[in-house]
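> The listed protein sequences correspond, in order, to chains A and B. So in the working numbering, spot 315 of the first sequence is number 854, and the numbers just go up one at a time. So in the working numbering, spot 104 of the second sequence is number 643, and the numbers just go up one at a time.
Do not take every clue at face value.
Just so you know, same-sequence chains aren't split out, so a pair can sit in one copy or run between any two.
[Said to hold, decoys possible] When the alpha-carbon atoms are kept at most 25 Å apart in a straight line, the in silico DMTMM-like pairs for lysine to aspartate or glutamate are as follows:
#1 Lys879 / Asp794
#2 Lys650 / Glu707
#3 Lys879 / Asp593
#4 Lys559 / Asp689
If you are wondering where the hints come from, they were derived from the structure by calculation, not from laboratory data.
2 protein chains.
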Amino acid sequence: MTPFRIAIAGLGTVGGGVVKALAARQGELSQRAGRDLRLVAVSARDRKKARGFDLPGWSDDPLALAGGDADCVVELIGGEEGIARQLVETALANGKHVVTANKALLARHGKALAELAEKNNVTLKFEAAAAGGIPIVKVLREDLIAHGVDAVKGILNGTCNYILTEMEATGRGFADVLKDAQALGYAEADPALDVGGGDTAHKLAILASLAFGTVPRLDAVSVEGITHITADDIAFASEFGFRIKLLGVARRVGDRIDQRVNPAMVRAREPLANVGGAANGVLVQAGEAGSFFFSGRGAGEAPTASAVIADIVEAASGAASPVFGRPAAALTALEPADAKAAASPWYLRFEVLDVPGVLAAIAGHLSEAGVSIESMIQRVRSPGAPVAIVMITHEAARGQVERALKGIGASDKVRARPCMIPMEA
Amino acid sequence: MTPFRIAIAGLGTVGGGVVKALAARQGELSQRAGRDLRLVAVSARDRKKARGFDLPGWSDDPLALAGGDADCVVELIGGEEGIARQLVETALANGKHVVTANKALLARHGKALAELAEKNNVTLKFEAAAAGGIPIVKVLREDLIAHGVDAVKGILNGTCNYILTEMEATGRGFADVLKDAQALGYAEADPALDVGGGDTAHKLAILASLAFGTVPRLDAVSVEGITHITADDIAFASEFGFRIKLLGVARRVGDRIDQRVNPAMVRAREPLANVGGAANGVLVQAGEAGSFFFSGRGAGEAPTASAVIADIVEAASGAASPVFGRPAAALTALEPADAKAAASPWYLRFEVLDVPGVLAAIAGHLSEAGVSIESMIQRVRSPGAPVAIVMITHEAARGQVERALKGIGASDKVRARPCMIPMEA
């Protein structure tokens, strides 16, 4: 059989890992693919950089790879527009298979790219775009398909999970732990995309499309990060038997889809609560078939390269399931569920002055909004210092809780913006 | 495109689930497959049985399905020989794709069947043969392939896991819990294949082949069941911070493969320890890519039907990865590792008479075999009754521990066969 010619654009951590794994297991991977896998061209920013491996077919211009003789272009440049998008579009238009780890690109332009791939009778694969080495893209696209999916819940950002795990283990505050994480290379110099929840949102939009057969729509994801989570919140969560995790949750609500990224209270015995450090974990509620859980390393050289290699081998072997599991034309318009209607019990924390009437005021606002309290902890730290009041509510809609907190936050006896975190079922 | 014609042999729990899921989601599944999925023929024991769904193309003789006009024969009869084997072989020889849930057949005749499938240019798929709804077959065959696999460890039998979970929750003994499990339908009237470890061994032999590229070899699996586990063992495990699970473990030891099924002590915080009830869980150590964990329902109508449906859709879409991930001719001969050399710390329990010198004798035999003790609990229950002595050893080879226990077991002061359980790393 003719060889399968591969071109790789982007030789950072992941690209380097792909080149190394391809070289190390060329024979075995070719056997699996049924074709000789051959790296024929690469492009990256700096030709002179010492990489520890040979570079065939160097090109300064990544776009040249889309015009070469490769059967498959591997896009590892990143970014939702610019050169990455241009490369993927041109490669698909030129009848080349594309493998990418580009979550932003897929979350923004997934449907158009799927159409382009179909039109040109090639595949577009992106296992590495969500949860790194965990094959959750394929699981949703090809495995848990017989009974429909009710919900996907994931810890999809290792940086946030590392920070939250460290905060719990050490009792330290967010800013403090973030600084260390940056020094250790676990967090970027500009951490906004991670800790603000944006990265998780990209991945969630992709998983939601696969799970529900909808057009991926990043703009339909409501996003809240972890920057406001305090050491106190984590300690209180633990007292109640929960852990705080940044979750991406996509769930079917009637004929609509609710997609949201936010810190959530997860019961300590649940699998997602036990995903520690920089790992990722995904829970899929697959209708009658029940819940399935997947965890492992979600980033880094080897796990991400593992996902890219699996895609390359699959493309080479001729597997041709539709890009998002269904023909692009069959992807349905995603109707976002009403975010304010999302109901759950809530964890609420207030920092208040230790003066008479504060609790009555808080309770009054909650009651007025129809939110009832299940349990409460009030803790004085030192005389004169603000008092923490923490409550777990009975089930209430987000809109109700927000209304109550708006009123409560306006009080001059409340010291900081109240904190609200949903309890995951 | 021409329709994909499906014939199903065996309409028990799983077969019924497949027929129902195909009917319920015919349109969506056909879109995924890129072809119209059409059930054209069925065969089962009793035509008259009320099933709650329509039966097209009934045949009293399952073998007739291999000769009909189906593109794909789904074998859900079971059994490693007889009609099931004949049907699979004939269907493959006739150029039909085969989907099966038959673990015994694959574990015994996997290589020959893979050769037959390749020769006839069709696929043979068996996602449902191991861990039910968890797509572990595909994960090992297609996903975690870039960095090699060091070990696969699984809870692969829901009946055993249910019994062990119940024993822990209630403090009751094995026989007692088994009886209840049978009454509730969680265990078969003849439970030997489950509680003896044989069912786990079948599944392990298949997973080992996928993980290591070796010929599946059931006879190379050493098997020990859970029938000798006592409520005491489970309580002591818990005191040491462990849970007892029936594990199937396949691991690379140099250029050999160690395959064994036995009760193992798993640290309580490990994912495998937290697979409760009738669920299944699998941990894959994938070289540099790290460890990945998968859990969910491993048996029952919907989870197993989910796996069968995924295989059918994949076969219909033309995906053609090799049966065991590599061409049958490339599967290497499995060289079993020396089972006696398998080293780990061990849990040991002795039931002894409360007379002077017993502990000295036990310690002497262990010392002679080179086994050193890390910690010990000795517990008297009531005067005159046997005393339980429980030890955790430092790392020692199975052969060493067996040698010591043989000596100890021969003593007339030891009341029952000593119990040895490895501690999983």
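> For every hint, state whether the structure bears it out.
We went through each hint and held it up to the structure:
With identical chains, the CA atoms of Lys879 and Asp794 are at most 25 Å apart within one copy only, with a shortest distance of 16 Å there and 58 Å across copies. When the C-alpha separation of Lys650 and Glu707 is checked against a cutoff of 25 Å, the pair qualifies neither within a copy, at 40 Å, nor between copies, at 50 Å. In this homomeric assembly, Lys879 and Asp593 never come within 25 Å of each other (Cα to Cα): the closest approach is 54 Å inside a single copy and 44 Å across copies. For a Cα distance limit of 25 Å, the shortest separation of Lys559 from Asp689 across copies, 19 Å, qualifies, whereas the shortest one inside one copy, 39 Å, does not.
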